Amino acid sequence: MSENVILIAGPMGAGKTTAIRSLSDSEVVSTEADNTEMDRVNKPTTTVALDYGEIMLGDEDKIKLYGVPGQRRFDFMWRILEKRALGLIVLINNDAEDPLGEVVYFMEQFSSIYQRGGMVVGVTRSDIKPEPTIGDYVIHMDEHGPHAGVPTFTVDPRSKDHMVMMLYSLLMNIEANQGVQQDVRVSQG
Amino acid sequence: MSTLKPSYFIGFDGDGLNARPMIQTMLEVSAVQITAHWLLAIDAKPNVIICSPKENPQTQQQYYPVTVSLGDLVEPERFALPKPFRLMQLIELLNGIESHFEVEQKPSSDPALTNDAIITNQVIMAQGLWSEFADFLQNNIVGNPRPGFITIKLSGEHVATIDLAAQQYFRVFNFIKIVSFKNVLECAEVANLPPNPDLDGTSPFPLENLVWLAGLVAGGGKAAPWLPDDKQFMLKSWPNFALYNHNMKMIEMAAKLTKSPFEVSTLAQDVEANESMVWNFMNAVSLLGLCKVIDPSAASQIRPQTAIDTGNQTQSNVSSLIGKLKQHLMKAG
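Line order of the protein sequences matches chains U and L.
Using the numbering used here, you'd call the opening residue of the first sequence number 2 and step up by one each time.
Using the numbering used here, you'd call the opening residue of the second sequence number 943 and step up by one each time.
Heads up, a few of these hints could be off.
Okay, derived cross-link-like pairs now, SDA-like style, lysine to any residue, Cα gap no bigger than 25 Å in a straight line [to be verified]:
(1) K63/U with M1272/L
(2) K130/U with M1272/L
(3) K130/U with S1261/L
(4) K84/U with K1178/L
(5) K130/U with K1234/L
(6) K65/U with E1044/L
(7) K1234/L with T19/U
(8) K1178/L with H163/U
(9) K1273/L with T19/U
(10) K1234/L with K84/U
(11) K1191/L with E144/U
(12) K130/U with K1273/L
Quick caveat, the hints were computed from the structure, so don't treat them as lab data.
Just so we're clear, the structure is a prediction, and the values are computed from it rather than from any experiment.
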């Protein structure tokens, strides 16, 4: 758990690779191949293994950013990475066929991270399709899982400011959860 | 990227509802070619209603009759949308309807009924009390979409326009500068778009962004008039920080307030901020409807909104990581 791994997940076309490029201090390692699902998502290439980037914190520490492929046939990788991850950024493109279903899908796939308050949601392409709204996402997540107060924002993955805000909110949320749990443990003796 | 243009709403009736998903997609891809800002009606009264399809006996093709309405003008089946849908046909239809509306709204001899008629005109803020402007936004504008515009003048200078139908606003420069002034602020509701070369071609901002800014300055570092100063507060959900001017302290406050209720003084200590900054934040989130006010006597009954306890193995790791990330971000500017 001391590896400082942050996962970036979401359906194909949500902007995961772009988000890692916005955050990373080093050149991003991408494994892109021709998109064979052009009928679903209109982009020429897609990630087939992992995207990897880093945020260097001083000389020794770093946050490792792993972008996991969006296609569900790669979900075996998610299980492996979930065990190592401190937190999870889920990006959902609002113009997807069922964006609310997508967020619940990733919430369930990464349930252990979600349940310990380590998930943040970024809704992309809301300028193209404004609905569902952020409020709709929050209500939908609360209906489908234990209330974990997931920070949820509309974001542009090309914006470093937006991505840093998401990462910072994620870490603050994890820390606040831990603080409350510690208070509860103290009060229970 | 949209620019300042009139807004109208589209509704559906009967089997016309089947056309909704296709119309939504077509509006998205043709926004640049359509001269007005067309939105699918949710709560607002539609200006265009797409009705159940009929068959054209001459061509044997189906078409959707279209009813148009604007103010007192209601014209059933004046226009039609042929099926199968073609993008250019929708663009021509909507641009045709907008031209029709313009003709119908030509100035009459009665000045009270002209395009530029001012529906209401009031001085919102006479003495630099931004809470009055925040109240005005909350009670008259937010969640009340309707045709028309609000012009905002600061000491006589036109600085922003609210598009009431689209619930967006346009501003001549960063509004955070405007809210630092303590001048006379005047708002007028007008039927038609007032000319302002400074606003032509500018991009709109969501209205919540203006509400947030008004909330931040409404109390001047103290509780705004609508917030009690002796209670605890909690957040129902996180503010959408991507839309609002914010700083790291506000993110820290949101993380804590979504878990447990806090008094302002305690929260200020916890996040190492001035109480005035915490009040400004509380005023803004409460104006957005995100804040719960809790009586201190009931606060102890509230179960903290926290996730599953994972033990304290990662506690120091996360705190240390946050500290290093903060330093890193400050260095990066």
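Structure-based check of each hint:
{"no.": "1", "hint": "K63/U with M1272/L", "result": "holds (16 Å)"}
{"no.": "2", "hint": "K130/U with M1272/L", "result": "violated (34 Å)"}
{"no.": "3", "hint": "K130/U with S1261/L", "result": "violated (37 Å)"}
{"no.": "4", "hint": "K84/U with K1178/L", "result": "violated (30 Å)"}
{"no.": "5", "hint": "K130/U with K1234/L", "result": "violated (30 Å)"}
{"no.": "6", "hint": "K65/U with E1044/L", "result": "violated (57 Å)"}
{"no.": "7", "hint": "K1234/L with T19/U", "result": "violated (36 Å)"}
{"no.": "8", "hint": "K1178/L with H163/U", "result": "holds (22 Å)"}
{"no.": "9", "hint": "K1273/L with T19/U", "result": "holds (23 Å)"}
{"no.": "10", "hint": "K1234/L with K84/U", "result": "violated (36 Å)"}
{"no.": "11", "hint": "K1191/L with E144/U", "result": "violated (30 Å)"}
{"no.": "12", "hint": "K130/U with K1273/L", "result": "violated (36 Å)"}
Checked against the numbered hints given earlier, the structure breaks hints 2, 3, 4, 5, 6, 7, 10, 11, 12 and satisfies all the rest.
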